[in-house]
Structure formats: C-alpha cells, structure tokens
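K.L.:
What follows is the residue order along each chain.
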Amino acid sequence: MAETISKNNLTKNLTVREPIIVDAQPVNTMNVAALNFYYGKSHALHNISMPVPKQRVTALIGPSGCGKSTFLRTLNRMNDHIDGTRVEGSVELDGQDIYARGVDVVELRKHVGMVFQKPNPFPMSIYDNVAYGPRIHGVTNRKALDEIVERTLRGAALWDEVSADLKRSAFSLSGGQQQRLCIARVLAVEPEVILMDEPCSALDPNSTFRIEQLIEDLATRYTIVIVTHNMQQAARVSHYTGFFLRGDLREYGETSKIFTNPNDAETEAYVSGRFG
Amino acid sequence: MTTAALPARPNAHKIMRRATNISMKVLCGLSATIAVCALGLVLVYLVGNGLHSMSLAMLTNGPDATDSSKQGLRNAIVGTIVLISTASVLGLPIGILGGVYQIESQGRFASTIRFLTDVLNSIPSIVIGIFVYILVVLPVSAFAQSHHLNDVEGYSAFAGGVALAILMIPTVMRTTEEILRLVPMPLREGSLALGATRWRTMVSIVLPAARSGIITGIMLALARIAGETAPLIFTAFGNHSYSVSLFKPIDSLPWSIYISATQPSDPIVDAAKAHAGALILISLIFSMSIVTRIATRNSVLEEK
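So the sequence lines, in the order shown, correspond to chains A and B.
Throughout, my numbering is defined as the position within the first sequence, counted from one, plus 727.
Throughout, my numbering is defined as the position within the second sequence, counted from one, plus 28.
The hints are simulated quantities; they were obtained by calculation from the structure and are not laboratory data.
Computed from a prediction, not measured in an experiment: that's the story for all the values here.
Be careful, since some hints might not be right.
[Claimed, not checked] Where chain A lies over chain B, by a calculated footprint (3+ residues, C-beta under 8 Å):
| no. | stretch |
| --- | --- |
| 1 | 56-67 |
| 2 | 208-215 |
| 3 | 232-245 |
Even for Gly, the Cβ is constructed at its ideal location relative to N, Cα and C.
So that you can see chain B by itself, here it is in the shape it has in the complex (with noise of 0.2 Å):
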C-alpha cells in the first residue's frame, strides 16, 4: 500500500483548492443550464404559440384576404424564398471563388482582403441596408421618376437580394477557405503532378474534397440571412400583394413578423401572423441545419 504516503489531514491550502474546483464547476453548469435555459423557453414559446396560430390558410392566403380570419403568410413565405434565392445567385459565387482565391494566392493583396472581409463580417446589417438603399434603391427611383415609370419604385426584391448576398459573402468566403484550407496537400500535389492546371486541381479535386464544409458555410451563411430584417427595411420594404417580381417591393417572413407584431391593424390576427411567422422561419432554419448535418456526412475530410 502506497497510501501510507499521502498525509492524513488536507492543509486549508488544499480545502481552498478544492472548494474552487468544486464551485467553479458548479457556475459553469449553472451558465450552460442558464443559456439552455433561454433557448428552451424561446422554442416552447414559439413552438406553442406557432403551432396554435397555425393552419392551411396561414401558409396559402395573403394577408390582402377580404375574411381576416382566413389571412396568412402566403406572400412572405414566397418573398423570403425569392429574396434568399436572389441573394444566393448573387453571393454564392462571389463567396466561394472569393474563398478559392484566398487560399491559391499568399501576398499582401490576398491578406489585405481576408482583413477586409472580416471587417465586413462585422458591419451591422442595417448599415449594409443603408448603403444597397443609396446604390440601388435611390438610382433606380430616380431613374423611374425621370422617365415617368409610375409602376416601377426604387424598393424592390432585387435591392433585397443585393442586401442579403452582401451579409452572406464574408460568410461564405471565409468558411469556403477554411475549410480549402484542410484539404491536404498530398491530394492537391497528386494532381498538380500529373499535369492538371491549378483551376482543374482547384474544380475536379479540392472543391469536391471540401464539398461538405462548404455546404455547411453556405447553409450558415443561408441561415443567418433568412432571418435579417433591418437590411430589408430599405431595400426589399414589403409588399401587401402577392409578387414574385424581382423589380417590385416584396413581402418577407421576418418583415411580416415585425409588421405584425408592432403595427398591428386586427390584434388577434396579427397576432396569429406573427406566431405563426416565427415558426416557419423557426423550422426554415432548422431544415437547414439538418441539412448541413445530412451532408457532411461522410466527408473525404474526416476519413483523411
């Protein structure tokens, strides 16, 4: 038996020590359950309130319905697919070969842009919905009053998706060289050694082997726009009619919801518009999720 060597009485150095251990373990499990805590009572509350609010109307009558009752989401649902489609076309690919450039070339120009994408990272997005507001909104308006177009506002889906596609690129850019980044140099060099151009290397090796991670990025980069409302307020603003017009202001879930919940013209009604909005754009996101979970799946990545 060794245990003769450990002393019979701890010292009140060794209390001290432990009674730390001990309560700093407890505050760090009252934090998480705290945090859970929230995020829980946020989804019952949704889920609840959403799923009473809930019916066929909601998701297939617009808010224009002469029955109030029977109003519903129809216009903002479609709106925010054609606003996140809008923004994809625009800032996938500026986002994903933004990446591809960041990790082919080293030098000042390439770090000078990493920085600059971080930077936009962190730009608040109702300032991004200022600026796409004075590039896109302001021209076009003034370009519709000076040729007399009465149908055509400065507001449309189109300076929406612009708003959207410039919150996601830094996003996406960053995700795509990172993860780029993990793929290993044997693979790339196995090519490069048989002839193929760095852009063939880049297309018919790396970008598969990363195809998972860079799934994930946009998906996050998706996620986090679905759901933005500030960038809208300028440049997509809302449409009480049903549009799928690119050039013509369009209704979106997270609009619907601040509509709904701060200028309400039924309270009841709106209400139910407002709970039911957030479940959608709830379950919006979380099918996202589990998409990126579904395909980062067997990821050449985790084998290697």
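Chain A on its own, in the form it takes in the complex (with noise of 0.2 Å):
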C-alpha cells in the first residue's frame, strides 16, 4: 500500500520529459564493456557495461561514493591524471577503444568535453576563455575566434548577457553565468559527447533552471552525459538513466522506466527517495 502511494506521488511530483523518446534501436556514441577501475587497490568500479546514446542526455544517479563521478570521469580518460589508478575493459568513442594503445588523449579530449561541479573559469577575459580551446588547437585567425565566440556563447544561451564587454574577467560573472561560460568553452572545440559532472550543484534553482534548458537544447546536436544527485533534475532532463551503488551500476535504463518501474529493488527505494 504504502509502496503504490509513493510511487504515485512520484509519477506526479517528477515532471518526467515528453514526449519520451523511445529509440527502437538507439545509435550508441560511446559504449562500454566490462568496466573495472581501481583507485590504488581500491576496487571503485565493478564490470560497468553500459551504452551511451547518440544524442540523447544520459543521467548517472546514485548516493556519494557510489562511483558515477568516477566512472564518467574514465569516459575521456580524465582519471589518467591521479596516481596510481588502472582501468580494465574497454571504453569505445564511435567504435574505437580509447584506452587502446596509441590514443592521444589531447584528441580523445577534444572529442569528449567535460563541464565541471564548481564552475572553474580560467583567470581571463570571457572572450580569452571561450577562445582558449580553438587556440590551444591551432585556430589563430582574428576573425574566426571572434566567430566561434559568438556562436558558442550564443549556444550557452549567454551572449545576451555578455556580448556588451567581452574583455571582463571571467571572475566578474555569477556562479551560474561562469557555468554557461564553461559550457560555451566546451562547444568551442566542437566536442560529440560533453560530460557533466553535477553541473548545477553550486548554483541557485534559477540557474539550475536554465542550465537545464540549455541541456535540453544541446541535446538536439550532442550527446550528453550528466551526473546529478538531484533525481528529479535527472527525470526532467535524461532519456537514459543508470543507476550507480556501490561501485555497481545497478540498473540502466530508459529514464522513464527506472523512475517509475525500476527491476531493480534498491533502484526503486533511491529514486523513491528511501535512501542516498
């Protein structure tokens, strides 16, 4: 009794996307097989298996420490850069494994963005840190960067509110600006899957608002992947949903499915906010 309750509160308080997209046969951007990663000794993820579709917004729920930081973070190869972690199994970007040897990360990156927890603009003008992608991969001219600029920053749904002084400093903006800022930066280097890593943690529920659209909006042209602890953020802006515990992905899913009808019993208690 107490079970269907719950879950009828549920369908109604979360505003779960629609029309639902049900791909037959998605197209999958990236995929991954067999997944194990260590921190050190520590086993932190366990055989992952899991699709990302192409163009379509992937949430990745789960309590703290449950590994979905980690394992979006082994999606361009971001962990590299801690000591003494291993990867095991197999990460494919458009059918290529990118822990193969040989893979250049600086490429791999280019390909796969990432969008940080606290926005993390860099010490410059707006303008510079929109242009620091294209630059570091070669784009010089004038006139192009100013128009990767505009377009990207109109994209981040943010040249509204920038386009009068480009040369500010990055710091002058409000926390949710500098996070449309750091997306702008991601679009700059024209990436296929952009990775979320809780975008909109540090911000205010306005600027979480708007992130969300833009999410939805960037959807139509990238594959994203976003890590949230907000559950009802990932039932308004995900297709898919796979849900992490323990170093497990427990259940993956369309987003409606694990929201409302989850297989899996721990998955029903965390959406149904029972735990985590």
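The two chains are supplied separately, each in an independent frame; assemble them into the complex guided by the hints.
P.N.:
Structural data, given as structure tokens:
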C-alpha cells in the first residue's frame, strides 16, 4: 500500500520529459564494456557495461561515493592524471577503444568535453576563456575566433548577457553565468560528447533551471552524460538513466522506466527517496 | 541571573591559572617589543648615519675619485645590479622549472630532489662561495695562465653570479612549488579536459594563476642574495675600478660595506661609504618588498 502511494506521488512530482523518446534501436556514441576501475588497491568500479546513446542525455545517479563521478571521468580519461589508478575493460567512442595503445588523449578530449561541478573559469577574460580551446588546437585567425566565441556563447545562452563587454574578467560573472561560460568553452572545441559532473550543484534554482534548458537544447546536437545528485533533475533532463551503487551499475534504462517502474529493488528505494 | 552558579571566592588553583595567563601575556608582549626594538634601532642607526653620509657623489662617483671626499659607491651599486641580474638569468629558469617539475611529477626522484633542495637551502653561503671558487674561479685562472691571458683573472662577475644563483635556486624552487600546489585542481582539469597538454596547461593557466606568488618567491630570493657577502669573497672578489664586464672582478655593495668598515684607508671617508652603502642596500631590499606587495595584490588564488 505504502509502496503504491509513494510511486503515485513520484509520478506526480517528477515531470518526466514528454514526449518520451523511445529509440527502437538507439545509435550509441560510446559503449562501455566490462569496465573495472581501481584507485590503488581499492576497486572502485565493478564490471560496468553501458551504452551512451547518440544525441541523448544520459543521467548517472546514485548516492555519494557510488562511483558515478569516477565512471564519468573514465569516459575522457581524466583519471589518467591521478596517481595509482588502473583501468580494465573497454570504453569505445565511435567504435574505437579510447584506452587502446596509441590513443592520443588530447585528441580524445577534443571529442569528449567536460563540465565540472564548480564553475572553473580560467583567470582571464570571457573572450579568452572561450577562445582558449580553439587556440590550443591551432585556430589563430582573429575573425574565426570572434565567430566561434559568438556562436558558442549564443549556444550556451550567455551571449545576450555578456556581449557588451567580452574583455571583462570571467570572475565578474555570477556562478550560473560562469557555468554557462564553461559550457561555451567546451562547445568551442566542437566535441561529440559532453560530460557534466553535477553541473548545477553549486548553483541557485534559477541558474539551475537555465542550465537544464540548455542541456535539453544541446541534446539535439550533442551526446550528453550528466552526473547528478538531484533526482528530479535526472528525471527532467535525461532520456536514459544509470543507477550506481557501491561501484556497481545496478540498473540502466530509459529514464521513465527507471523512475516509474525499475526492476531493481534498491533502484526503486533510491529513486523514491528512501535512502541516499 | 545565572551568576549565582559561580563560586563567590576564587580558589588557589584559579588564582594560579590567572597569574600564569597574565605573566605569559606580558612575556610574549615583551619579547615582541624587544624584537621590534632591535629592528627599530638598526633602522634608526642606518637611516640616520646613512642619510648623513649620503650625497650625489656617493651615487655617481667610484671609490677611485682623486678627491677622497668625493669618493662614492657607483661601482658597488652597478656591480650589485650586474651580479643580481646574472644570478637571476642563471637561477630563475632553473628554480621555476624545477618547482614545476616537483609539482607535476610525484615519485621517488621528485621527493629526493625536494629533500636535496632543502639541504641546499641550509648550506652556509660561504661554502657555496668555496664551491664556485673551485668549480669556476680556479679552472678559469688555470686556463688563463696556461694560455698567457694576462688580463684574465679567475675572479669574475660571472663566478659571483653563479654563486648567488646557487643560493637563490632553492628558495625560488620551493616557493614556486608551494604556490603551484595552491592552484585549484579544477582549474587544471578544466584546461586538460579541453585537450590541452600538461605543458600548455602549466604555461597558460597554472603559472599565470600563481604569478603573484612566484613573484613573491623571486623577490624573497633576490632580497636574500642582494645582501650576501661571503660567497662573493671567493668569486666576484671586488674591483677598485669601474667594471660591468662579466669576466672581470666586480665591486658590490656588501663587499664595499665590508671593506670600508674593516679596512678603511681614510676612516672618515670609508665610514661614510659603509653607512651610505648600508642605507642603499636596505632601500633596495625594502623596495623589493614593496614591489612584492603590489604584485601580490589581485591574486587569483586569493579570490578563490
């Protein structure tokens, strides 16, 4: 009885995006197979296999320390920079294993961009923040840079607020604006996949709303993987959801299914707010 | 009122506690005052006598002026600038890149280097002087003798610069490392995640963010070597004539102060030179501190 009530409340509270896109046969941009991850001796991810569908939003949810951020960081090899980490299994991007020998990490990260938990603008102007990526990849033409900066700031829904003075320090922006700047910075290198590690956790509800709108908009062109602590957010923005618990992927599926009718008992307990 | 809960009469234990507290407070205050007094007396003495001895001739003439009352410290001032510049050119790149290496690479080699840097930092400067004497001065003078180069001595501004560079490297390296450690990880990762290499991230993001801290380290190191005398005795030596050559002995402020104070040829003139030299040296170091203060304003690290 209690079960049904909580489930009904849930469907009422969470506005699962409509119409729910059901891909008969989703095209997968990335494919993770039998992924194990170790921090030194501690086994952080256990045998994870999961697709990342093309131009869809995939949400990763789960309690703190469940491995969802670690998993996200394996998708663009950000963990390479942490000492004593080890990866087993494969992560394919467009059919190519990103952990294969001879893969250029720089090239990989051009394709798989990342937005972090706390807005991390560089200590330079708004313009230079956005132009940083194109510049390191060899764009020097001023006109081309101007064009990229405007296009990506528009893409990140920030242009109207900052176009008056692009030479301003990025630190003069509000937290929400800084985060959109960081998204623009990622768009500027034209990635295929954008990884977002709790992009709204440091933001107020209004800024969060704007970022969520942006994510929906971006999903028409980019493949997005988002880690979030906020289950309503996962329900609002994502098409697919993976639930992580203690280093395991407990359940993966369409978001509407995970939130309304999960197979796994612990998934259900988590999405209905009984723990986590 | 809750004061009723407090005992009316303090017991002996409480009196002792209070007495200890007050006496330690007084002792600490006294110690601080003595320290500041010592500094104050040195400054008053230096500034008083220094200003008294200061004149335009002191800045523009060398010690070889024919009129002994017009002798000055020009050679020493220029010499100190040449020595500090040489040391900076040699020592700063090594110090900064060494600090970058230590922050970017963990492991046994890096921690060994860190330990050796600390050891180097505590080696007395006169030992560094002897080291450079053996490493640079003796070979050069032997070479000059065997090739009959009569105007080349072993002592040179270059040798002095090497000695001062060795002295400044550990300071620059450690402060660079410490300050780079403060640059937030997300800032680096933001750059790496855009496909920047580690070197590019270091040059474009991390070093600029740490700029003011690194400048502080450089200034500290420069202030330290500006006043060093001992390592110059065996290396730059000193020069009665004006010289800016890297390959000749060179005068310097600490050297002039030392020679004027301990081996005066004219007690009054040389005392004036020592006093003025000390004032110039102190002013130099003081202005470095001010530059540091200005540079460390508006630091990104403080904003975060």
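K.L.:
Evaluate each hint against the coordinates.
P.N.:
Cross-check of the supplied hints:
1. 56-67: Three-residue rule not met by the stretch 56-67 of chain B, so violated; n is 0.
2. 208-215: It holds, with 3 qualifying residues against the three required.
3. 232-245: holds (count 4)
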